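Top line first, the protein sequences correspond to chains A and B. Heads up: the first sequence begins at 1 in the UniProt record's numbering, then just goes up one per residue. Heads up: the second sequence begins at 1 in the UniProt record's numbering, then just goes up one per residue.
A hint or two may mislead.
As the list makes no split between identical chains, a pair holds if one copy fits it or if it spans any two.
Derived DSSO-like pairs: lysine-lysine, alpha-carbon spacing no greater than 30 Å straight-line [as the list claims (entries may be wrong)]: (1) LYS25 - LYS83; (2) LYS37 - LYS25; (3) LYS43 - LYS30; (4) LYS25 - LYS48.
It should be emphasised that the hints constitute simulated quantities derived from the structure, not laboratory data. Everything numeric in this text was worked out from a predicted model, so none of it was measured.
Number of protein chains: 2
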Amino acid sequence: MDQFAVKVFVRLRPSVLDPAGEATKSASIKLGAEGIKSLRIGKMIEVKIEGDGENEVREKIDLLCDRLFANTVIEDYEYSLEKL
Amino acid sequence: MDQFAVKVFVRLRPSVLDPAGEATKSASIKLGAEGIKSLRIGKMIEVKIEGDGENEVREKIDLLCDRLFANTVIEDYEYSLEKL
Chain A
1 MDQFAVKVFV RLRPSVLDPA GEATKSASIK LGAEGIKSLR IGKMIEVKIE
51 GDGENEVREK IDLLCDRLFA NTVIEDYEYS LEKL
Chain B
1 MDQFAVKVFV RLRPSVLDPA GEATKSASIK LGAEGIKSLR IGKMIEVKIE
51 GDGENEVREK IDLLCDRLFA NTVIEDYEYS LEKL
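Isolated chain A, as found in the complex (with noise of 0.2 Å):
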């Protein structure tokens, strides 16, 4: 068995209103950061997971990521995956 290490990323469709994102936004130019063009905010999602090799972690990664940590009407997600 090997042990890999998975980062993925879940972010809302660029069509999607984000509201935590704008306020985070105005809240930032308020603090006094100038020049903020736009402010969104996603899900990390870190995983440590064995599998039989690459390809059946990614199978499950994939599983995961369409039924549980995205929702995918209105989010997309990447991920990158690493053997520890």
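With chain A's structure known, arrange chain B on it following the hints.
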């Protein structure tokens, strides 16, 4: 003025319990994804920001991370910065 794309990653410190991560881990196992050793959830904040050079932008991002993006009592942050 230069424009930069900044990705900020905020995560709970390793010593801090992650209830959302634990709940997601058990839901993942119920979905049949065996072999998960650990699962932790953090934030990813993507900012497009203008500034007079990299140092000025780093100063702004450090301010925002310390005061707004991260609760530095229980969270750590790191960020990547790319000139557009």
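Hints, verified against the model:
1. LYS25 - LYS83: between (36 Å within a copy, 20 Å between copies)
2. LYS37 - LYS25: For LYS37 and LYS25, the Cα distance is within 30 Å only inside one copy (9 Å; across copies 36 Å).
3. LYS43 - LYS30: For LYS43 and LYS30, the Cα distance is within 30 Å both inside one copy (24 Å) and across copies (21 Å).
4. LYS25 - LYS48: between (32 Å within a copy, 11 Å between copies)
The earlier numbered hints are all upheld by this structure, with none contradicted.
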